[in-house]
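Undergrad: Sequence:
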Amino acid sequence: MKRKVIQLAGKTLVVSLPSKWVKKYGVKKGEEVEVEEGESKLAITVVGKGEKKTKILDVKNLDVMLNRTIGGLYKAGYDEIEIIYHSPEQYQIIRDVLNKTCLGYEIIKQGQRVIVIRNLSDLHSQELDNLIRRLFLTLLSSAEDSLAYIKQNNLKGLEEIELRDQLINKYSDLCRRILNIQGYESTKTTTTFYYICEGLEKVGDGYRDLVKFILKNKINKIDKDTIEIISDLNLMLRLFYELFYEFNFPKLEEFGALSNKLKKEFANRLETSSLKELKLNYYLFTTYCMLFDMNGALITANV
Numbered sequence: 011m012k013r014k015v016i017q018l019a020g021k022t023l024v025v026s027l028p029s030k031w032v033k034k035y036g037v038k039k040g041e042e043v044e045v046e047e048g049e050s051k052l053a054i055t056v057v058g059k060g061e062k063k064t065k066i067l068d069v070k071n072l073d074v075m076l077n078r079t080i081g082g083l084y085k086a087g088y089d090e091i092e093i094i095y096h097s098p099e100q101y102q103i104i105r106d107v108l109n110k111t112c113l114g115y116e117i118i119k120q121g122q123r124v125i126v127i128r129n130l131s132d133l134h135s136q137e138l139d140n141l142i143r144r145l146f147l148t149l150l151s152s153a154e155d156s157l158a159y160i161k162q163n164n165l166k167g168l169e170e171i172e173l174r175d176q177l178i179n180k181y182s183d184l185c186r187r188i189l190n191i192q193g194y195e196s197t198k199t200t201t202t203f204y205y206i207c208e209g210l211e212k213v214g215d216g217y218r219d220l221v222k223f224i225l226k227n228k229i230n231k232i233d234k235d236t237i238e239i240i241s242d243l244n245l246m247l248r249l250f251y252e253l254f255y256e257f258n259f260p261k262l263e264e265f266g267a268l269s270n271k272l273k274k275e276f277a278n279r280l281e282t283s284s285l286k287e288l289k290l291n292y293y294l295f296t297t298y299c300m301l302f303d304m305n306g307a308l309i310t311a312n313v
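Numbering-wise (the numbering used here), the sequence shown opens with residue 11 and increments by one.
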């Protein structure tokens, strides 16, 4: 919608707020709103007001995608969800999703084949920076500890890495929920940060799947070439983290050069590895691809 700019007292420029928006969010004369500058736009936010975002969902036809649907509703920013389920198995899936992720979501009411979930947390966009940093640091520590445990042939330690992935998922989901509800500075950074937070979760899943493969096959000894690939992959993740917080072209070139080195290493492994080694390197290669693919969003957010 278009609004005319009005000049008051010879200097001050004023734009009126849409009446429908004012009524919806209960804005009164004398109250304060948050105004954030972003490139060629201004974002006006009313903190702590507005209609709650609610949803009633019958999950009768959902099975394998039920967990992702619950996660999607959380990331979409719903405040309250009434779920109609149809089996004990569906109920268990819902409970498992709430226990493993969806920070702030709690079951507030439970009836016969009905669960009501409500968001009880009050996190705001101001806390997003801390959450993204926690997401990065948790992922970095998992990656570095994975390498240390692999070098030590410590399968027990690797079991802990698999469990740590749940925390990475929680941080990623919460970041995306806040970005969907409140955004971040500008549309450009909101969309690029959303993509990066999603990508970091996928990188975490890659390390988790690598660890699960090692544990499932009871691989006690990893060859030195594979250890070097994991080490380079961890360095690539560290460089991405540093670029996210202090973007510069020399470091971006370093990130690209390491990526090319890894690509050659994977190509060489394809020609020389055994079947089990190929499967192991498959998890490393998919993790590499997910990490490298985030460079586009990172560059877009900084140029």
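Careful: at least some of the hints might be erroneous.
[Unchecked claim] The list that follows gives simulated cross-link-like pairs (lysine-lysine, DSS-like), each with its CA atoms no further than 27 angstroms apart:
1. 271 / 286
2. 39 / 14
3. 51 / 70
4. 289 / 161
5. 289 / 226
6. 226 / 110
7. 212 / 222
8. 51 / 62
9. 110 / 180
10. 234 / 180
11. 38 / 62
12. 286 / 261
13. 21 / 51
14. 33 / 62
Derived by calculation from the structure, the hints in this document are not laboratory data.
No experiment lies behind these values; they were computed from the predicted model shown.
Undergrad: If a hint holds in the structure, say so; if it does not, say that too.
TA: We went through each hint and held it up to the structure:
1. Restraint check for residue 271 and residue 286: satisfied, since their Cα atoms lie roughly 23 angstroms apart, inside the 27 angstroms limit.
2. Distance check on the hinted pair: residue 39 and residue 14 sit about 20 angstroms apart at the alpha-carbon level, within 27 angstroms; holds.
3. Restraint check: the Cα-Cα separation between residue 51 and residue 70 comes to about 43 angstroms, which exceeds 27 angstroms; the hinted pair is violated.
4. For a cut-off of 27 angstroms, the pair hint linking residue 289 to residue 161 stands: about 19 angstroms separates their Cα positions.
5. Between residue 289 and residue 226, the direct Cα distance comes to roughly 12 angstroms. Compliance with the 27 angstroms bound is thereby established for this hinted pair.
6. Distance restraint check for residue 226 and residue 110: the Cα-Cα separation of roughly 22 angstroms lies within the 27 angstroms cut-off, and the hinted pair is therefore satisfied.
7. The hinted pair formed by residue 212 and residue 222 meets the criterion: a straight-line CA distance of about 15 angstroms does not exceed 27 angstroms.
8. Among the hinted pairs, residue 51 with residue 62 is consistent with the structure: their alpha-carbon atoms are about 26 angstroms apart, no more than 27 angstroms.
9. Distance restraint check for residue 110 and residue 180: the Cα-Cα separation of roughly 7 angstroms lies within the 27 angstroms cut-off, and the hinted pair is therefore satisfied.
10. In summary, the hint linking residue 234 to residue 180 is not supported, as the alpha carbons are separated by about 33 angstroms, beyond the 27 angstroms threshold.
11. Between residue 38 and residue 62 the CA atoms are separated by roughly 19 angstroms; this keeps the pair inside 27 angstroms, and the hint holds.
12. Restraint check: the Cα-Cα separation between residue 286 and residue 261 comes to about 35 angstroms, which exceeds 27 angstroms; the hinted pair is violated.
13. The hinted pair formed by residue 21 and residue 51 meets the criterion: a straight-line CA distance of about 20 angstroms does not exceed 27 angstroms.
14. Between residue 33 and residue 62, the direct Cα distance comes to roughly 14 angstroms. Compliance with the 27 angstroms bound is thereby established for this hinted pair.
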